[in-house]
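Novice: Let's have the full structure, built from the sequences with the hints guiding it.
2 protein chains.
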Amino acid sequence: MTGPALSNPSPSPTDRSRVRRTRERGFYDRATILRILDCGLHCHVGFLADGHPFVIPTMYWHDENHLYFHGSRASRMMRAAEGRSVCVTVTHFDGLVLARSAFHHSANYRSVSIFGTAEPIDEAGRAVQLEHLMERLFPGRWRQLRPVRRKELKATRVLRVALSEASAKIRTGPPIEDPKDSGWPAWAGVVAFQTIALPPQSDVHVKAGCAAPAFALPQG
Amino acid sequence: MTGPALSNPSPSPTDRSRVRRTRERGFYDRATILRILDCGLHCHVGFLADGHPFVIPTMYWHDENHLYFHGSRASRMMRAAEGRSVCVTVTHFDGLVLARSAFHHSANYRSVSIFGTAEPIDEAGRAVQLEHLMERLFPGRWRQLRPVRRKELKATRVLRVALSEASAKIRTGPPIEDPKDSGWPAWAGVVAFQTIALPPQSDVHVKAGCAAPAFALPQG
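The listed protein sequences derive, respectively, from chains V and S.
With my numbering applied, the first sequence covers 1 to 220.
With my numbering applied, the second sequence covers 1 to 220.
Since the hints were derived computationally from the structure, they do not count as laboratory data.
Please note: incorrect hints may appear among the correct ones.
No copy is singled out in the list; a pair is fine if it fits within one copy or between any two copies.
In silico BS3-like links for lysine-lysine, alpha-carbon gap of 25 Å or less [to be verified]:
| id | residue 1 | residue 2 |
| --- | --- | --- |
| 1 | Lys180 | Lys154 |
| 2 | Lys207 | Lys154 |
| 3 | Lys180 | Lys151 |
Specialist: So, in structure tokens, the structure goes:
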């Protein structure tokens, strides 16, 4: 979903989106942000309700300018987030980094945090966006499904957040530790993680001739 | 880390922790919450800074009564969260659920959201807690490492949140859809995910005789 060149590929961070600690891990260019979003399926949406922070996991999809998420019209998240300030974070937890001192242990990860106002999408736009969600995961599936009903669209909310105020944070590679610790007799290195999709499990009612869609988790 | 019976195994949800939509997916008993926390390594911490929500990924560990996370004394998260209301969410994204209508597609997941005040841990307590973090991941490793220095403990902050106001949300199993859609000619079922640890990659300085620790991701 990265596509053609963007008009504003390297916006300056705002006070909110700037990575303060370990600044060398912070990136603000759209290409890096899109590459991390391309590899994920779910995000964590942070919003306020009754003055308290909430963090709720949900699926997302995106284009070059916005991240989208959806939910029931009745959900607390969709009601509390609409028109309000949110932070949406996507994280790939790539591995554990083991050093010879506890202090220099770390994790490898790629994350994006997006700050902005959650804007509602109207009913016509929702039909388009839900098709994008489906087609992103399973190209061609949308037209095989029982068509969406108007009452289903009415029961669903879609919110979007602009990617204009966002930061990526990335750590890769081996441990970084005090040079004088390098002779300490403990193992050091990286234990990397990988998430895989298992073979599809068919529902009991699946008809002959209805094959499972090809699916592979997007890899970074 | 579940261990012996708890004095308050099934607290009532508060307004904040109650799962409102799809109530049958909400659980509030400590055993269910601990089982989900046992299977994870990282969480998303939601907090407020300058009136805006932030969501930051970080590692966590836990005992029967608290979830703990740590960070640099200089980090925005640790400064903004200390003594304030936070929401910490741990999510296992277990798979995609495909129905014969777009509307009834879903995801299988297990998540816990904990609401409370982030309480600081003093210096002596931090040494104990950082050992717990390490020993949870790599039993026996703590005593092999170059000992922690006082200035390292001073540069690190540990915060904890009580598990007393928390909810789990769980979805498992096949799609649930309109019975009249079951004859629609589209595939339906589940694509499950699994995260695995790859073989350890040694740092260039590893000495002969220093073997990589055994490590397997905790599975649910």
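Novice: For every hint, state whether the structure bears it out.
Specialist: Going through the hints against the structure:
When the C-alpha separation of Lys180 and Lys154 is checked against a cutoff of 25 Å, the pair qualifies only between copies, where the shortest distance is 20 Å, while the shortest distance within a copy is 63 Å. Proximity of Lys207 and Lys154 under a CA criterion of 25 Å is satisfied in neither setting, with 30 Å inside one chain copy and 63 Å between copies. Taking the closest pair of Cα atoms, Lys180 and Lys151 come within 25 Å of each other only across two copies (16 Å); inside a single copy the shortest separation is 66 Å, beyond that limit.
The structure shown violates just one earlier hint, number 2.
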